[in-house]
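K.L.:
Let the hints inform the model, and build the full structure from the sequences given.
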Amino acid sequence: MSTAPTGLKNILREVLQTKSGKIAIIILSVILAMSLTVWITGSEEVVKNWNEPEYWIDNPRLAAPEWVSWVTGSNAPRSIILKPEDFRKTYSEDPLTGQATIQLRTRFYYDYNDVPSEIILKLNVNATTRSLITLSWTKPDGSKLEAYRKDVSRGAYLIFLYTDADAVSSIKSYLSGINASPDIAIQTVLFSSEASLKSGEPKILRSSDVNPPRPYEVIISVTSRKEGLSASAQLDLLGKVYGIAGTDNKRRDIFIGILWGAPVALAFGLTAALIISFVQTILGALAAFYGYRIDEVVERLTDVYLVLPFLSLLITIQFIYKTTIWTILITVIALSIFGTITKSTRSMVLQIKEEPYIEAAISYGASKARILFLYILPRVLPYTFANVTVLVPSYIFLEASLSLLGVGDPVLPTWGKLIEEAFIGGATFYGYWWWILIPSSLIILVSMAFALLWYSFDKILNPRLREE
Amino acid sequence: MSTILTVENLRLYYRTRRGIVKAVNNVSFQLERGKTLAVVGESGCGKSSLAYALIRILPRNVHEYSGVIRIDGVDVLKLSEEEFRKNYRMKKISIVPQGAMNSLNPVLKVGDQLAEPLLVHLDIDKDEALRRAAEVLENVRLPKALLERYPHELSGGMKQRVLIAMALIMKPEIVILDEPTSALDIITQANIINFLKDLQSEYNLSYIFITHDLGVASELSDYFAVMYAGKIAEMGPAEDVLTNPMHPYTEKLLKTTPRLRSESMLEFIPGSPPDLIEQIPGCSFNPRCPYAFEKCRIKEPHMIRISSQHYAACWLRGDEK
Amino acid sequence: MLPVKYLAKRALILGVTVVIATYLTVVIANAGGLVDQILTSQIRFEITQSLSRDPAFSRLPEDLREKMLEERITNAIKAKGLDQPFIIRSFIYLVDALTLRLGKALVLKSNAGSREVADIILERLPNTIALFTTATIIYSIIGIIIGLYMTRKPGGFFDRFMAMVAVITGVIPPWFFAIIFLLIFAFYVRLFPLGGFVSVPAPSDPLLFVLDVLYHMALPLITWTIALFPYWAYVVRNIVIQTYGEDFVTIAKAKGLSDDKILRRYVLRPSMPPIITNVALSLVFSLQGALITEVVFNWPGIGYLLNLAILSTDAPIVIGITVITAYLLVITVFILEILYSILDPRIRVAR
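Residue numbers (my numbering), protein chains in the order written: chain A, 1 to 468; chain B, 1001 to 1321; chain C, 2001 to 2351.
Derived from the structure by calculation, the hints contain no laboratory data. Keep in mind that a hint or two might mislead.
The following label-pair restraints were derived from C-beta to C-beta distances [claimed, not checked]:
#, chain 1, residue 1, chain 2, residue 2, range
1, A, Lys48, C, Lys2153, 51 to 61 Å
2, A, Pro378, C, Gln2242, 46 to 56 Å
3, B, Ser1043, A, Ala360, 52 to 62 Å
4, A, Lys9, C, Gln2242, 26 to 36 Å
5, A, Tyr321, C, Gly2156, 47 to 57 Å
6, B, Ser1066, A, Tyr290, 50 to 60 Å
7, A, Ile81, C, Thr2048, 54 to 64 Å
8, C, Gln2037, A, Lys48, 53 to 63 Å
9, C, Val2019, A, Gly426, 40 to 50 Å
We treat Cβ as the ideally placed atom computed from N, Cα and C, and that holds for glycine.
P.N.:
Pasting the structure below:
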């Protein structure tokens, strides 16, 4: 006859000694560490900016994680961001015309096996009249072309070189100039050798393909009246891989989304699970202990609650009122005051109530409340905890399912939101697997951790079912 | 008087996470036809394990099950499970379990459960089986109407009597009773003891009566066996053992029974019974025995003959068998 | 045979549940006046439409037309009781909802062209029931078989392995599996269609049509089964092991019954009542999860309709689905209650 250990502390200790318990704790500590990192390193900014496209403009769209290029050996391009400070500025004046030219020069080595996904030019021009902007591009093999030419007024500009009309026309004239097909993408044009462009089979030109290796050179010229002329530029050569978890269709770093989602998921799941388990336990215990009317009422309410269309009600509420995640939490709790834990606690307490030491306590004059809290509840608590561990993942998934239907928290980047956006963005159909699998893996990891924890609890609390 | 049951060196060990439990550790005894052997001992001494070992119902985690159980001359331990099931269980040897609360299948009617063994072992039809079931219910002084009832509709006492009826329905020769009256009040208890006596004389049944209640045991038994830590400490005719206990444990046990009109202090045995996993070197009782001496701590005593049928496993009583 | 009194009591409680769920829905939906708005604008729309078709009406001068319109509308509102205080209105809506007079949809239409919410929902309902019931039957049966197999050697390798699998899949909802499976089958291994009910265009041959539907049902069914049978097996296993440890099973052995008979009469039969209870509980949960799975697979049932309604902000349908779900749950649970009372005599015979 093996006896289950009693007392919450003992049980927790035993759980932590099992193999699955240890694994669970390790996983959860990692996630917890992630969450704390985010909180400490000022995540407010992230949340505010999650829905601001401008914040993420320097990231590539739908880029796979960087480690993919190591794993597959494909040496896919990472982003090269040439900031204003990476440009050497030279200033020259033409005394005759009163015009001045600012030249911004930069260079970079390029050794990837693929062209960048996008090329974005950010330009800041301050002038009293219109200015002429040109972008000259020199490849390692020495060939040169003008990639952009435009007449602009003062201001800040965001130029997507692969769709911008002026860039396109510049490139087209270059291509016809060298007798190459005009339908080649700009990135390819800029990063392929001229010879291969002419032959119709563009081959990427790497800095290391030339001996000795030479960089690509970019010169941006801004010409205008010299009075008050100033300019700065940033050139983004966005790669095809990015970061630990890649990016989504809005260029957002999925890893940051995951980091931010972690504390939310844990907080939501834990709070919901803890409160609901405890409330249901206490109600079940009260019903069993005080009996009669209270028992009747609790039983009837539990019966009703068990058959309520919980999810549908939640969806309806969210659909109409679109509340934030914390209101969702409160609603979930309100809709779960009675449930299966009430029933099981009730039957447990009914049995415990009959035990002689309870009778003894009553006879020595202990108040009912004292008996309930000091004698009965401690016996029941380990089972409550076991329930908490199995409920946490359910509530995390509940939040995710609300998000999936589009009725979750409208603003926060929760894990559910990430998955929903991935699903709607076609990640499953177009193979952007990282977008959907990485957040999914995290949810599964956290769920597994709690499941393992629950497995240990179950093994310890119900030894009879496990005896060999 | 012929011997109906002989048990020699019966062992039942089973495995648990903490070690091997030697629940029945070399138990030997004999039972004569028409007599009652009471097996008494504290909780956890292996009595119930012995009961089920005799009818070959073993736990899932059995480690060793060996020895000789001779019923009417046949060593049933050597038979296959199928043979034993068909020819011996219920037919020759049956058991009345302890704790009637849960011993009846809640989803079957009482009548069906009573008739079941008849339908399985004999070639009769359902009506005949139910008729016999009604008959045996009468024997235990229960109304025929109970056949149609479900177990949860019966009181504890009624359930116990149904179980006795069930054990008797095939008219077996040996009936093992595992604490059949512990869950009952004194009056019902007395009634049941009386039935059992009547039934025994009427059908010449042999009983093995397992209990921790010395009073009940002394009423019904011809022979007394005292179990301690999985072994038999003392065994003999009831009179002899009760009036002239030869084993210190028996002696102490008898002193713990409160008498209705007694002035002396209630005694108790200091210490607690050993758990059946740790084997105590020498005599299992020596840590609690007031008479223990050197040999007791070293060598385990075998059964030493006191008189023609009275044995005790104690070095105080000599060296020979 | 059936314990009428007991079942009547249960039916009463279940009925109360539907009423409460519906009332809650109505009140919540209308707390911001949403339902009022929808109804009054519907009335306005209908009356304007009908009057504009009346030639006599269009010949009237402008201000007279306005007056008549407003008069008619106000009367209609009064007739429906929409000018009553909140409590009374909520009861009117409650009765309407309970009798499935769920109003008209704002945006969506049923395939037959009806705007009635009840029609739209009930049209899709059979799809949900077909998929869901089939899936439930399949995973239950597999679960019971595996669960029983687990009881052969409790603590053995298979048992422990399945228990671990059960615990892990138990916390992950089926729709989650659906997303992963879709990724595998949609993008990598193109074995199954990516969702939907039938191929486009649908085969005209009725036999081929049915086969096509089954082909589309395949992946949802597989996903559902894999997601749910392990935990179910585990539950069955626990119940059976617990029954196996009961005293009456030992007695059955002592009675000389064969293992086979013991398994059937003393282990399986007494296990049925708790198994049924568990079935009821799990059905309640999985029905709600089914709604989301439908969205993932584009299966045109109620879940898919719900998603569509949310995207089109068609409130009456969202509200209507909640009411219908409440009914579904209550009906399912009631059927199971009847089953339970047949199997457990402790309920049947009144104490």
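K.L.:
Verify the CB-CB distance for isoleucine 81 of chain A and threonine 2048 of chain C against the hinted window 54 to 64 Å.
P.N.:
Distance hint for isoleucine 81 of chain A, threonine 2048 of chain C holds at roughly 60 Å.
K.L.:
Per the hint of 53 to 63 Å, is the separation of the Cβ atoms of glutamine 2037 of chain C and lysine 48 of chain A within bounds?
P.N.:
33 Å, violated
K.L.:
Given the hint of 51 to 61 Å, is the C-beta distance from lysine 48 of chain A to lysine 2153 of chain C inside that range or not?
P.N.:
For lysine 2153 of chain C against lysine 48 of chain A, whose Cβ atoms are near 57 Å apart, the range 51 to 61 Å holds.
K.L.:
If I claimed the Cβ atoms of valine 2019 of chain C and glycine 426 of chain A lie 40 to 50 Å apart, would that claim hold in this structure?
P.N.:
43 Å, holds
K.L.:
Could you tell me whether the CB distance from serine 1066 of chain B to tyrosine 290 of chain A stays inside 50 to 60 Å?
P.N.:
Holds, at about 55 Å.
K.L.:
Please check whether tyrosine 321 of chain A and glycine 2156 of chain C have a Cβ separation lying inside 47 to 57 Å.
P.N.:
52 Å Cβ-Cβ, so the 47 to 57 Å window holds.
K.L.:
Does the hinted range 26 to 36 Å hold for lysine 9 of chain A and glutamine 2242 of chain C at CB?
P.N.:
With a Cβ separation near 28 Å, lysine 9 of chain A and glutamine 2242 of chain C satisfy 26 to 36 Å, so the hint holds.
K.L.:
Do the beta carbons of serine 1043 of chain B and alanine 360 of chain A sit within 52 to 62 Å of each other?
P.N.:
Hint violated: Cβ distance 21 Å, outside 52 to 62 Å.
K.L.:
Measuring from beta carbon to beta carbon, are proline 378 of chain A and glutamine 2242 of chain C in 46 to 56 Å?
P.N.:
25 Å, violated
Hints 2, 3 and 8 from the earlier list are contradicted by this structure; the remaining hints agree with it.
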